[in-house]
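Asker: What follows is the residue order along each chain.
Protein chains: 2
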Amino acid sequence: MKVSLIILGPREYFNKKVPGLAVVIVGSRKDSQSYVNMKRKACAEAGIKSFDINLPEQVSETELISQVHELNANPEVHGILVQLPLPKHINEESVLNEIRIEKDVDGFHPLNIGKLAMKGREPLFQPCTPKGCLELLSRSGISVKGKRAVVVGRSNIVGLPVSLLLLKADATVSIVHSHTIDPESIVREADIVIAAAGQAMMENGPILLASFGKDLVIETKI
Amino acid sequence: MKVSLIILGPREYFNKKVPGLAVVIVGSRKDSQSYVNMKRKACAEAGIKSFDINLPEQVSETELISQVHELNANPEVHGILVQLPLPKHINEESVLNEIRIEKDVDGFHPLNIGKLAMKGREPLFQPCTPKGCLELLSRSGISVKGKRAVVVGRSNIVGLPVSLLLLKADATVSIVHSHTIDPESIVREADIVIAAAGQAMMENGPILLASFGKDLVIETKI
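Sequence lines, in order, name chains A and B.
Our numbering runs 552 ahead of the 1-based position in the first sequence.
Our numbering runs 552 ahead of the 1-based position in the second sequence.
Honestly, I wouldn't trust all of these hints.
No distinction is drawn between identical chains; accordingly, a pair holds when it is met within one copy or between any pair of copies.
Claimed, not checked - Using 30 Å as the maximum straight-line C-alpha spacing, the simulated DSSO-like pairs for lysine-lysine come out as follows:
| no. | residue 1 | residue 2 |
| --- | --- | --- |
| 1 | K766 | K569 |
| 2 | K683 | K591 |
| 3 | K720 | K683 |
| 4 | K591 | K720 |
| 5 | K601 | K671 |
| 6 | K601 | K720 |
| 7 | K582 | K671 |
| 8 | K640 | K697 |
| 9 | K593 | K683 |
| 10 | K569 | K697 |
| 11 | K640 | K720 |
| 12 | K683 | K671 |
| 13 | K697 | K720 |
| 14 | K766 | K683 |
| 15 | K766 | K640 |
| 16 | K591 | K569 |
| 17 | K697 | K766 |
| 18 | K671 | K697 |
These are calculated hints, taken from the structure and not from any lab test.
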């Protein structure tokens with residue numbers, strides 16, 4: 553099944569203009585390049601103007617931030633994605649904090665994560681992989697409400713926000729991670745398993761084995 | 553055991569001035585009055601100047617917000633607590649959003665909750681009941697790391713933030729709530745149970761029964 557998700561802000565926000573998405577990529581990681589290519593293609597399909605900003609591996613944090621500021625100020629750019637991970641000499645938090653909240657289409661700004669977490673609040677944008685996981689379940693006809701969902705991993709990008717989305721959708725959520733003792737026993741009790749952990753937790757297979765017979769969504773790396 | 557917690561910002565923030573805490577209370581709910589009295593006493597004990605703002609039940613949202621703005625601007629006030637719940641004609645979110653983040657000592661601002669949730673980020677303030685729960689466990693010599701913790705309830709004020717704090721402290725966290733099927737069976741598997749649900753979930757007793765033999769923290773209402 554092909555699941556293609558384009559997350560836009562409210563239509564009226566664009567006022568019939570062409571929406572614009574800027575993708576900032578630092579260095580030449582192959583996986584990042586692939587992600588960015590897919591995003592460029594999806595933009596073309598959906599009628600979104602895309603802006604590619606390619607910066608060298610050795611770019612300074614200050615230069616990267618001033619690039620973000622330029623995009624914040626550019627009225628043609630409605631969304632900004634800074635491709636992660638960034639090189640080690642750059643503080644990820646300092647850069648992401650500079651993205652204007654209205655352009656934080658990745659939904660990684662703590663204000664968006666806070667609103668995602670809180671009952672009665674809605675973020676401007678939901679992180680795309682977690683949103684995709686719930687969309688996959690929904691399109692597969694799997695209701696989440698009241699189900700026991702186990703999330704493997706608690707990263708800011710997938711594990712944490714998908715746990716929060718599942719909780720908001722009324723699932724009973726358990727989060728297992730690298731410090732969990734006997735994660736397999738918890739996975740075995742689940743109705744739905746979302747595996748979004750690094751290789752280290754998944755490579756030995758027992759968690760996957762424990763997932764047999766469950767509704768399983770795996771976040772894959774390229 | 554008496555656990556008395558006074559949460560202050562970094563000492564240097566106060567620059568040897570007397571720290572000030574403003575408590576805004578709308579209407580005359582008895583439980584709110586008791587909480588506010590306890591806060592006033594704790595302030596006196598800790599050398600904090602307290603400001604009580606008592607507003608009538610029928611105060612408008614606009615008037616309440618302009619009161620918050622005044623406190624935001626008052627250099628003698630370093631922390632603002634708006635006692636919840638507010639009367640039904642007032643939108644809680646609209647009021648809480650107006651509190652300056654540096655004065656959000658309740659830690660309920662979505663930016664603080666987002667930072668509480670995210671790995672590698674720290675909120676300016678942690679909500680006090682969740683912080684108190686972890687402090688109680690710590691002072692009782694109970695280590696959280698790797699333990700199975702079950703939180704009953706997912707309110708913005710206790711259940712959600714205490715789940716996030718436990719997760720950050722490396723517990724394996726499960727959250728059960730009003731839509732959970734057979735919450736007792738999940739509670740039975742826990743090492744630590746934090747019960748922070750309304751009466752409806754707790755009054756029949758089976759969750760409490762299932763908690764026997766666990767490290768149990770109950771958030772009590774007055």
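Asker: For every hint, state whether the structure bears it out.
Answerer: Here is what the structure says about each hint:
1. K766 x K569: neither (44 Å within a copy, 59 Å between copies)
2. K683 x K591: within (16 Å within a copy, 41 Å between copies)
3. K720 x K683: Both: 12 Å inside a chain and 23 Å across chains, each within 30 Å.
4. K591 x K720: within (28 Å within a copy, 32 Å between copies)
5. K601 x K671: neither (34 Å within a copy, 33 Å between copies)
6. K601 x K720: neither (33 Å within a copy, 39 Å between copies)
7. K582 x K671: For K582 and K671, the Cα distance is within 30 Å only across copies (25 Å; inside one copy 39 Å).
8. K640 x K697: Between copies only: 28 Å across chains, 40 Å inside a chain, cut-off 30 Å.
9. K593 x K683: Within. Shortest intra-copy distance 20 Å satisfies the 30 Å Cα cut-off; inter-copy 46 Å does not.
10. K569 x K697: neither (38 Å within a copy, 51 Å between copies)
11. K640 x K720: between (34 Å within a copy, 23 Å between copies)
12. K683 x K671: Intra 17 Å, inter 19 Å, cutoff 30 Å: intra and inter.
13. K697 x K720: Both ways: K697 and K720 sit 9 Å apart in one copy and 26 Å across, limit 30 Å.
14. K766 x K683: within (20 Å within a copy, 35 Å between copies)
15. K766 x K640: The answer is neither: 38 Å in one copy and 43 Å across copies each exceed 30 Å.
16. K591 x K569: within (20 Å within a copy, 53 Å between copies)
17. K697 x K766: Classified as both: same-chain Cα gap 15 Å, cross-chain 28 Å, threshold 30 Å.
18. K671 x K697: both (15 Å within a copy, 27 Å between copies)
In the structure shown, a violation is registered for the earlier hints numbered 1, 5, 6, 10 and 15, in ascending order.
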